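Student: Work out the full structure: start from the sequences and follow the hints.
Now for the letters of each chain:
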Amino acid sequence: MNQERAIWVVGDYRNYFQNRVTLQLLAKAGELAAKMDGTVCAVVMGHGVEEWVGEYQAHGAQRIYVMDHPLLSEYLPGLFARALESLARQRRPEIILIGATSFGKELAARAASRLGTGLTADCVDLYLDQEGRFVQVAPAYGGNLLAEIVFPRHRPQMATVRPGAFAEMPHDASARAEIIRLDPPAGLSGDGVRLVSCRRLGYQGEDLENAKVVICGGRGLGSRKKFKNLHELARLLGGEVGATRPVVHADWAEEERLVGQAGKHIKPRLLFSLGVSGAIQHTAGIADPEFTIAVNKNPLAVMMQKADVAIKADAHQVALALIRELKARGSS
Amino acid sequence: MRIVVFVKQVPAVSELPWDAKTGQLRREAAEGMMDPAAKRALEAALRLKDAHGAQVIVISMGPPSAEETLREAVAMGADRGFLLCDPRLAGADTLATSYTLARAVGALSPDFDLILLGCHSADSETGQVGPHLAEELGLPAAAYVEKMALKGRKLTVERVSDGWLETLEMDLPALLTVTARAFRPRPVPMTGLEQAFGQGEVFILSAADLRADPEHVGWAGSAGRIIKIYAPAAQKKGELIQGTPKACVRELMARFGDRLGGLLAKDLSGEEQA
Ligand SMILES: Cc1cc2nc3c(=O)[nH]c(=O)nc-3n(C[C@H](O)[C@H](O)[C@H](O)COP(=O)(O)OP(=O)(O)OC[C@H]3O[C@@H](n4cnc5c(N)ncnc54)[C@H](O)[C@@H]3O)c2cc1C
Ligand SMILES: Nc1ncnc2c1ncn2[C@@H]1O[C@H](COP(=O)(O)O)[C@@H](O)[C@H]1O
Chain A
1 MNQERAIWVV GDYRNYFQNR VTLQLLAKAG ELAAKMDGTV CAVVMGHGVE EWVGEYQAHG
61 AQRIYVMDHP LLSEYLPGLF ARALESLARQ RRPEIILIGA TSFGKELAAR AASRLGTGLT
121 ADCVDLYLDQ EGRFVQVAPA YGGNLLAEIV FPRHRPQMAT VRPGAFAEMP HDASARAEII
181 RLDPPAGLSG DGVRLVSCRR LGYQGEDLEN AKVVICGGRG LGSRKKFKNL HELARLLGGE
241 VGATRPVVHA DWAEEERLVG QAGKHIKPRL LFSLGVSGAI QHTAGIADPE FTIAVNKNPL
301 AVMMQKADVA IKADAHQVAL ALIRELKARG SS
Chain B
333 MRIVVFVKQV PAVSELPWDA KTGQLRREAA EGMMDPAAKR ALEAALRLKD AHGAQVIVIS
393 MGPPSAEETL REAVAMGADR GFLLCDPRLA GADTLATSYT LARAVGALSP DFDLILLGCH
453 SADSETGQVG PHLAEELGLP AAAYVEKMAL KGRKLTVERV SDGWLETLEM DLPALLTVTA
513 RAFRPRPVPM TGLEQAFGQG EVFILSAADL RADPEHVGWA GSAGRIIKIY APAAQKKGEL
573 IQGTPKACVR ELMARFGDRL GGLLAKDLSG EEQA
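Chains as they are written, first to last, in the working numbering: chain A, 1 to 332; chain B, 333 to 606.
Read the hints as simulated data drawn from the structure, not as lab findings.
For clarity, every value in this text was computed on a predicted model and none was experimentally measured.
Heads up, some of the hints might be wrong.
To give an idea of the chain A side of the interface with chain B (calculated C-beta under 7 Å), a few residues [as the list claims (entries may be wrong)]:
| # | residue |
| --- | --- |
| 1 | Gln62 |
| 2 | Gly118 |
| 3 | Leu145 |
| 4 | Leu146 |
| 5 | Arg200 |
| 6 | Ala287 |
| 7 | Lys312 |
| 8 | Ala313 |
| 9 | Val318 |
| 10 | Glu325 |
Below 35 Å or equal to it, Euclidean Cα-Cα: the simulated DSBU-like pairs (lysine-lysine) are [claimed, not checked]:
| # | chain 1 | residue 1 | chain 2 | residue 2 |
| --- | --- | --- | --- | --- |
| 11 | A | Lys226 | B | Lys479 |
| 12 | A | Lys225 | A | Lys212 |
| 13 | B | Lys569 | A | Lys327 |
| 14 | A | Lys267 | B | Lys381 |
| 15 | B | Lys569 | A | Lys35 |
| 16 | B | Lys569 | A | Lys312 |
| 17 | A | Lys35 | A | Lys267 |
| 18 | B | Lys479 | B | Lys560 |
| 19 | A | Lys327 | A | Lys312 |
| 20 | A | Lys312 | B | Lys598 |
| 21 | A | Lys297 | A | Lys35 |
| 22 | A | Lys212 | A | Lys267 |
| 23 | A | Lys297 | B | Lys569 |
| 24 | A | Lys226 | B | Lys578 |
| 25 | A | Lys297 | A | Lys267 |
Negatives, chain B to chain A, calculated, CB over 10 Å [unchecked claim]:
| # | residue |
| --- | --- |
| 26 | Arg334 |
| 27 | Asp382 |
| 28 | Pro395 |
| 29 | Leu440 |
| 30 | Pro442 |
| 31 | Lys479 |
| 32 | Lys483 |
| 33 | Arg513 |
| 34 | Arg518 |
| 35 | Ile536 |
| 36 | Leu537 |
| 37 | Asp545 |
| 38 | Arg591 |
Note that the Cβ used here is the ideal one computed from N, Cα and C, for glycine as well.
Tutor: Quick look at the structure:
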């Protein structure tokens, strides 16, 4: 008997609208499924989750497992991992994909342990190679490297995938998925962690994640004071300020402005990158801008190679000149 | 109270040299340091020790050089360090790592109350080892912790996850991972450092000492196989502008002003301005 080869995408809906990684994964899963004759399944766990069921159906899920129950009303990784484990043991998916949000990464690691399988973190690409192997592409070591990883033996093959790595499919209100409603496994409980309170924080960089224009500054700007000018530039251009890790560590900018693997994932149409070398951990957080302008003293910096316009000059001086020019042109 | 802290030694530079021919990382070219997030986990443990009294042991899996990191931890105030060092443990992914660390807990401190780790290591940054280990040991756990308070056996923690500030509660024994933002580490006292290198209690253990199943550790116990490793190529071929900053900006506007204006949905020509 031929077993169905299912690709599961675990719904992470807590920050829905800003966080669209689940939809992006459904689109990618669709591509993979077409090549391996598989089925795209979404898994929705929680309480009062009908809205997301509809959303995932409209974005490419062919089947949706829904576990909607008061026991699952708290968004706790230890709890969801147990529910996901029992479902995966029953239905045996080939692949499980989870967005690399904080929640998703914690949930994925716990579920992988429970299932005794491997997990690749922060994938930036996924594909099936000629031998039909599922290849996960992820940043490796601390350097500018990407590794391609396969799991020869362990099933399911699990990966967390960085938000923004793939494009979602357009909303199709007429799409119909097979919807399978399930009870939580008998005796489901969490790991003993009790949620006392939770609240949404204020500025968390959603503006940055959704900004059409981003001004990103790196160590090459030289100082905290010089970095501050980027806010003026961002105001003039109607954009948001992003930063690299050294900038955040030096406290020139808030942690919420960090762009990259460990920070925000941005998808601007226009990117200004000033004094940034372009390390993979940084660029991994930037989904193909239409137009990139880089300023760097070093014309060979990776960021300069990636740019549409590479300006070889002092980053701070160019920022000042640009501010003056924009003001002169009446963009106030 | 017994606290176990897991620390890792990581390269002190973020851009590691690697050999383009073999695809191998030249780890020997980089000096090691204590993983910053793990160092904060240690600081969190030491604060509990200061406040409530505790025995703090520090465990690391890594090459012989990681002994230095453990001595630094002892100098900061940990009671004892253990290095899991064995060629058989090398090449471990997070699955094999957490299995090995769990064995070490069983062998060295089975009656622990609290286990602390960094939330992400600076070199691999998977953030997986803590949550994996929580499952291996069957513990209540929370990642990304920034504050904690202990009352009797009840631990209350605060953490930020995806823009939500959560307060969580659990009973000991438990496992936490802490972020690199909280628990700023104390400086390492010089005298402590000399002592730790002279007589500090640091012990080296092999896979056999842990009675670890050789099938589950190191490369053999890892799920993933790297089939290719490379530096991603820069794709675009852009235009280079150089000169004085002012001239560069003028040229940018002259040649690409329309394009920019289109993307910004703004008229940048400056013409109809009074
Ligand atoms: C596991 C891991 C995760 C990471 N995650 C992230 C992440 O999420 N985000 C992130 O940003 N980084 C991350 N990093 C760090 C990353 O590897 C780089 O170290 C970092 O992005 C470099 O920042 P930078 O470009 O500002 O600094 P540098 O690499 O120091 O580059 C500065 C650039 O400025 C140029 N410059 C210097 N002076 C001037 C001047 N006067 N005018 C113009 N140009 C000048 C230099 O030529 C250079 O290209 C991570 C690292 C690791 C190991
Ligand atoms: N080899 C290791 N030895 C000891 N602790 C480790 C090791 N690898 C990871 N850790 C711990 O797990 C944390 C997170 O690592 P990672 O999951 O790789 O991002 C680190 O900050 C350490 O506290």
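Student: If you draw a straight line from the CA of A:Lys35 to the CA of A:Lys267, is it 35 Å or shorter?
Tutor: holds, 28 Å
Student: For the restraint on A:Ala313, tell me whether the closest CB of chain B is nearer than 7 Å.
Tutor: holds, 5 Å
Student: Regarding the pair A:Lys212 and A:Lys267, is the alpha-carbon distance no greater than 35 Å?
Tutor: Distance of about 7 Å is within 35 Å: holds.
Student: Measuring from the C-beta of A:Gly118 to each C-beta in chain B, is the shortest one below 7 Å?
Tutor: holds, 2 Å
Student: Given A:Val318 was flagged as interface, is its beta-carbon under 7 Å from a beta-carbon of chain B?
Tutor: holds, 5 Å
Student: Would the least Cβ to Cβ distance between B:Lys479 and chain A come out above 10 Å?
Tutor: holds, 12 Å
Student: Taking 7 Å as the limit, does the beta-carbon of A:Ala287 come near enough to a beta-carbon in chain B?
Tutor: violated, 14 Å
Student: Using Cβ atoms and 10 Å as the threshold, tell me whether B:Ile536 really stays out of contact range of chain A.
Tutor: Since the minimum Cβ distance to chain A is about 25 Å, B:Ile536 lies beyond 10 Å and the statement holds.
Student: Check whether the Cα positions of A:Lys225 and A:Lys212 lie no farther apart than 35 Å.
Tutor: holds, 25 Å
Student: Minimum Cβ separation between B:Arg591 and chain A greater than 10 Å?
Tutor: Given a closest Cβ separation of 6 Å, the condition is violated.
Student: Are A:Lys297 and A:Lys267 close enough, with their CA atoms no more than 35 Å apart?
Tutor: holds, 25 Å
Student: Classify the label on B:Leu537 as holds or violated, using whether its beta-carbon is more than 10 Å from each beta-carbon of chain A.
Tutor: The assertion about B:Leu537 holds, with a minimum of 23 Å to chain A.
When each numbered hint is compared with the structure, violations occur for hints 1, 6, 14, 18, 21, 33, 38.
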